[in-house]
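Per the numbering used here, residue 2 is the first one in the sequence shown, and the count goes up by one each step.
Incorrect hints may have been included.
What the hints assert, rightly or not - Pairwise CB distance ranges (calculated):
| hint | residue 1 | residue 2 | range |
| --- | --- | --- | --- |
| 1 | I96 | L163 | 18 to 24 Å |
| 2 | M75 | R51 | 17 to 23 Å |
| 3 | Q128 | G29 | 37 to 43 Å |
As the list claims (entries may be wrong) - Quick list of in silico lysine-lysine cross-link-like pairs, DSS-like style, CA-CA up to 25 Å:
| hint | residue 1 | residue 2 |
| --- | --- | --- |
| 4 | K200 | K223 |
| 5 | K54 | K19 |
| 6 | K58 | K220 |
| 7 | K223 | K58 |
| 8 | K170 | K108 |
Keep in mind the hints are simulated off the structure, nothing from the lab.
For every residue, glycine included, the Cβ atom is placed at its ideal position computed from N, Cα and C.
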Amino acid sequence: MSLKNNPLILALDLADLKTANRFIHLLGPYIDIFKVGSALFTREGPSVIRTIKRAGKKVFLDLKYHDIPNTVGMAVRSAQDLGVDMLTVHTSGGIEMMQEAVRNKGKMLILGVTVLTSIDTESLRSQLGIARSVRNQVVHLARVAKSAGLDGVVASGQEIELIRRACGKNFLIVVPGVRPRKGSPEDQKRVITPSEALKRGADFIVVGRPILRAEDPEKIVKSILNEIK
Numbered sequence: 002m003s004l005k006n007n008p009l010i011l012a013l014d015l016a017d018l019k020t021a022n023r024f025i026h027l028l029g030p031y032i033d034i035f036k037v038g039s040a041l042f043t044r045e046g047p048s049v050i051r052t053i054k055r056a057g058k059k060v061f062l063d064l065k066y067h068d069i070p071n072t073v074g075m076a077v078r079s080a081q082d083l084g085v086d087m088l089t090v091h092t093s094g095g096i097e098m099m100q101e102a103v104r105n106k107g108k109m110l111i112l113g114v115t116v117l118t119s120i121d122t123e124s125l126r127s128q129l130g131i132a133r134s135v136r137n138q139v140v141h142l143a144r145v146a147k148s149a150g151l152d153g154v155v156a157s158g159q160e161i162e163l164i165r166r167a168c169g170k171n172f173l174i175v176v177p178g179v180r181p182r183k184g185s186p187e188d189q190k191r192v193i194t195p196s197e198a199l200k201r202g203a204d205f206i207v208v209g210r211p212i213l214r215a216e217d218p219e220k221i222v223k224s225i226l227n228e229i230k
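Sequences and hints are given; from them, build the entire structure.
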């Protein structure tokens with residue numbers, strides 16, 4: 002997959018294809034990659050991927066596959082057949098699952114989800130029974146992902162530098178939970194601004210609701226691009 006210089010990914014966290022299509026065409030002049038999550042894909046299916054591809058844009062399918070290796074391998078192959086450019090798997094699914102994803106990826110980029118940005122260290126320990134801090138768990142999972150052959154990981158801005166030191170300069174880091182200055186963190190517990198994420202070494206930043214819910218989405222996108230150029 003050939004990547005362009007624009008690091009901004011728009012998360013299409015929307016309820017239907019009609020609304021998504023409006024944003025794809027409104028913001029297409031400024032954005033190269035659109036992220037499709039489980040809500041939109043569950044409602045609209047492959048049609049949303051085809052819509053993005055027809056607009057000449059790249060698709061980041063963020064379904065966070067987490068299943069037995071054979072099932073994940075088949076899902077990855079199906080995504081490749083649809084023309085997906087990037088997709089996610091949960092690193093906690095284990096190295097064999099990730100390796101099977103890599104074997105079936107074709108030209109796609111496979112990114113590992115480490116620890117969701119809605120989870121902090123207290124949640125990690127009390128709810129998931131993991132004694133490591135979030136930062137240590139993220140680095141551990143990033144190393145496992147790299148050893149499995151994944152192209153990179155999805156992680157919060159707070160762990161960028163740790164991952165970069167652990168996994169090297171060619172390992173992609175995609176950062177969600179990005180909020181423009183003065184933006185609300187909403188349900189994200191580990192947030193960062195666009196410029197700070199890139200300064201720390203992120204390759205891509207993912208922004209959704211701050212753009213989608215803005216009175217003037219185009220203005221917000223231009224502001225973010227101006228901030229990070």
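Unmet hints by their number, sorted upward, for this structure: none
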